[in-house]
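Can you make the complete structure from the sequences, with help from the hints?
Just so you know, the sequences run in chain order A and B. Residue numbering for the first sequence follows my numbering, beginning at 1 and increasing consecutively. Residue numbering for the second sequence follows my numbering, beginning at 1001 and increasing consecutively.
Among the hints, a few may not be true.
As the list claims (entries may be wrong) - One side only, chain B facing chain A, incomplete, derived with CB under 10 Å:
no.: 1; residue: Phe1235
no.: 2; residue: Pro1238
no.: 3; residue: Thr1243
no.: 4; residue: Glu1244
no.: 5; residue: Gly1249
Stated by the list, open to error - Straight-line alpha carbon distances no greater than 20 Å define the calculated EDC-like cross-link-like pairs of lysine to aspartate or glutamate that follow:
no.: 6; chain 1: A; residue 1: Lys3; chain 2: B; residue 2: Glu1126
no.: 7; chain 1: A; residue 1: Lys84; chain 2: B; residue 2: Glu1236
no.: 8; chain 1: B; residue 1: Lys1196; chain 2: B; residue 2: Glu1016
no.: 9; chain 1: B; residue 1: Lys1100; chain 2: B; residue 2: Glu1126
no.: 10; chain 1: A; residue 1: Lys212; chain 2: A; residue 2: Glu149
no.: 11; chain 1: B; residue 1: Lys1240; chain 2: A; residue 2: Glu149
Since the hints were derived computationally from the structure, they do not count as laboratory data. On a predicted model such as this, the values are computed, not experimentally measured, just so you know. Note that beta-carbon positions come from the ideal geometry of N, C-alpha and C, so glycine has one too.
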Amino acid sequence: MGKFHNDLKLLKDEVEKMGKLSSSMLRDSITALENLDQDMAESVIMRKEELLRYDSEVEERALEILTLYQPMAKDMRKLATILKLDTYLARIGRYGYDIARVTKDLCCQPHIGKLVSIPHMADIVKGMIEDALTAFKEENTCCIDDLEERDDKVDALRHSIFRESVSYMMEDPKHITRCSHYIMIARYLERCADHACKMGEKIHYMVTGERKEIR
Amino acid sequence: MDEYILQAKNLNLYYEDNHALIDINMVYKKNKVTALIGPSGCGKSTLIRTFNRMNDVIDGCKITGEVLFEGKNIYGKKVDVMDVRTRIGMIFQKPNPFPKSIRENLAYGPKLHGIRNKEKLKDIMECSLKQAALWDEVKDRLDESAMSLSGGQQQRLCIARALTVEPDVLLMDEPTSALDPLATSKIENLINELKKNYTVIIVTHNMQQAARVSDYTGFMYLGVLIEVGKTSQIFEAPEKELTENYITGRFG
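See below:
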């Protein structure tokens, strides 16, 4: 393997690591929220710096490879995908950070009832992100062919969480602050699912050379 | 069909026992730039040299098949080779101006075709120099030796010289490989302008250059035309694995 392909492989490894970090931030923030675990929320918050470092390093190295080697065909598609994935993964990790921040505020009181819909929604979103990362790693699109259907489920859950929260707020104005947070979290998760779909589109392009719109 | 100005049909070329071009079938669209890429020795220069019969002078060179220029085989009987080379001009890797003045370089072709009128010659000279984007740089020094120009200027002079005989097709064999980046970019811009009036076929080792200047690209390997397509498709998502491997540098 020449220096160029070695550099490209190292960069791809970096993106995979960044993917693990950013999906762990989202996953742990939801666990922290479910259990109202302040320490875990804090550990997610602490990971923000590392995420930012990956974000700028990946971009810098991708641009360096672009300038030095002017890649073509599948190498060019891989590099273009890496540049987009860098942004999407940074956003997903950042939503994990946001959820962890909200969780710290919510820790002072128990949840209103048992938290069911948000963890369920989060499971689907985590699956979408993890499968997109697997597709990227293995350069195979079969595990992301159904992202669109999964995204529909996520959208439906967001609506249902919104309606549920509104009814709690109408029941008792004391619930307003808490339920507003639930609505925001559902919104963050829905955005993460969108990012997973965009990742899927780019990975599809990287692997096949054809552009595909997911929803 | 008539939009194809040039067409290679079942073209084979042998240098003695060496089968250098194998069953080439390729069309060239009018007013488009077509690039030929491939590793050294793959036959891309040999191929464009067949388009104005430059291989005729090589001993032991045998050609079968046809090269159709505006529908007529340039290897047919009764074809005037000089006429072919007038209509299909060629620019080489190294600038090769005549060791004469700029003016004489440009008057040479038209004079050979019997043009003697000074005004007419002056018009042809000015027009070709303008088309080759060289007029402003040399208009006050037309009687100086062409050898006093820089490499990039010399190459543009050679392009202007090719244009003086009003060709339809310009063949360019690595036209910028001996030039610096600035002169290269001038020639590349020029190619973009030239295609309004001419059809350009360019052989290049520089894939980024092929991607920048051409509308269509053909990839050749060991005398075989492996893949032809729109340049954007060839460089973004080629169909053949061999093309992919070559343009991503995974060859050998």
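Original post:
Against the structure shown, which of the earlier numbered hints fail to hold, in ascending order?
Top reply: Hints 6, 8 and 11 contradicted; others consistent.
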